[in-house]
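Chemist: Those protein sequences? They're chains X and G, same order as listed.
Quick note on the numbering used here: the first sequence kicks off at 1 and runs consecutively.
Quick note on the numbering used here: the second sequence kicks off at 141 and runs consecutively.
Hints should not be assumed to be uniformly reliable.
Unchecked claim - Interface residues of chain X toward chain G, partial, derived using beta-carbon atoms under 8 Å:
#1 63
#2 65
#3 66
#4 67
#5 68
#6 71
#7 72
#8 110
#9 127
#10 129
#11 130
#12 131
As the list claims (entries may be wrong) - Calculated from the model, a selection of chain G residues having no Cβ within reach of chain X, i.e. all distances over 10 Å:
#13 146
#14 149
#15 151
#16 164
#17 242
#18 260
#19 274
#20 275
The hints are simulated quantities; they were obtained by calculation from the structure and are not laboratory data.
Because the structure is a prediction, the values reported are computed rather than measured.
A virtual CB, placed ideally from N, CA and C, is assigned to each residue, including glycine.
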Amino acid sequence: MKSLALAFIALTLIGCGAPKSADTPKPSVAIINEAHGYADNYTPDKLETLKSTGKPFAVFVGADWCPGCKRLTKEIIANQIVLPKDTAILTANFDNELALRREYGVAVKHTGIFFDANGEHLYTKGGVVFADFMTHLAKN
Amino acid sequence: MIKNLKLIIAGLVSALLVFQIFHFAEHFIQLWMWFVGFRNMPFMSPWATEIVWVLGEWMVPGEEDYHRIFKLGVELLHLIGNMLFLLGIIGLRLLIKSKYVTWALWFQAFHVFEHVMLFFTAYYIHQAIGMSTLFGYFQPYGTDVFDEVALTNYRVWWHFIANLIPTVLVCMSFKRKKKDS
Chain X
1 MKSLALAFIA LTLIGCGAPK SADTPKPSVA IINEAHGYAD NYTPDKLETL KSTGKPFAVF
61 VGADWCPGCK RLTKEIIANQ IVLPKDTAIL TANFDNELAL RREYGVAVKH TGIFFDANGE
121 HLYTKGGVVF ADFMTHLAKN
Chain G
141 MIKNLKLIIA GLVSALLVFQ IFHFAEHFIQ LWMWFVGFRN MPFMSPWATE IVWVLGEWMV
201 PGEEDYHRIF KLGVELLHLI GNMLFLLGII GLRLLIKSKY VTWALWFQAF HVFEHVMLFF
261 TAYYIHQAIG MSTLFGYFQP YGTDVFDEVA LTNYRVWWHF IANLIPTVLV CMSFKRKKKD
321 S
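Start from the sequences, fold in the hints, and give me the full structure.
Modeler: Here's what the structure looks like:
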């Protein structure tokens with residue numbers, strides 16, 4: 001019985017010494033789904049990571065006070081399963097992401113920023129609809 | 141017979157003027173929210189927002205551009221709201237012969253004309269053009285000049301005042317009527 005208890009304590013101590021999952025570096029972007037695309041919140045890190053994935057992607061810039069933007073954001077998140085494989089749409093906040101807006105010429109809310117597979121900025125379009133994202137991601 | 145007709149008109153006018161109380165309250169809240177700091181777009185109550193979506197989707201079924209759906213819904217809701225108030229004032233004019241009602245009628249007719257312009261330009265050329273948008277100068281899309289906050293400032297105040305004037309004139313006509321009787 002004693003030896004069992006000692007073995008249990010030993011195992012517990014060994015377990016304590018094992019590397020914790022929190023210590024392993026987390027990918028800065030959600031893992032690209034092999035079956036379909038995904039949608040995620042914008043951060044500069046995620047944008048940089050996506051530029052090196054070799055797949056086209058886009059950023060939707062919407063505002064939480066804009067009813068149309070809220071609807072399109074919902075549509076993007078709800079339909080990420082129909083996005084082409086390995087592609088991505090990041091959703092960014094118009095009011096907070098001033099650096100992103102300045103860099104890619106976003107003057108109005110409800111705007112899409114489109115990138116090709118090499119991570120190059122193609123164009124910025126105001127008044128985008130979900131079909132714009134689908135067309136871009138499928139074409140490039 | 142005439143007495144019955146007058147009663148019917150009075151009932152309709154009352155209903156339309158009660159509607160105007162809610163309509164004006166919406167503009168009052170919008171202005172209040174403007175003072176509080178909601179200036180990126182004119183504030184709308186959740187129930188008005190819901191009506192806007194329903195009207196917009198009814199206007200352009202199958203449209204994918206949420207911005208267009210919402211814009212058309214907004215313009216149609218304003219047009220309907222102001223036409224109802226105009227009908228109320230026309231009915232009131234039949235019941236009360238007062239210079240205040242006449243002025244309110246002219247002013248509201250002018251206000252409705254503005255909304256006819258805004259609605260049809262938004263529908264046909266995708267840009268609301270009228271006095272309250274400085275003839276399309278303050279527009280998010282389609283022009284080089286973009287200033288959504290300026291558009292909101294201008295439009296919120298314009299429509300609040302445009303609603304305030306005929307509403308006050310109608311109230312003054314009631315006050316005069318009460319004084320006379």
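Chemist: Next step is simple, just say for each hint if it's right about the structure.
Modeler: Structure-based check of each hint:
no.	hint	verdict
1	63	holds (7 Å)
2	65	holds (5 Å)
3	66	holds (7 Å)
4	67	holds (5 Å)
5	68	holds (3 Å)
6	71	holds (5 Å)
7	72	holds (5 Å)
8	110	holds (5 Å)
9	127	holds (5 Å)
10	129	holds (4 Å)
11	130	holds (6 Å)
12	131	holds (6 Å)
13	146	holds (43 Å)
14	149	holds (38 Å)
15	151	holds (36 Å)
16	164	holds (22 Å)
17	242	holds (39 Å)
18	260	holds (20 Å)
19	274	holds (17 Å)
20	275	holds (19 Å)
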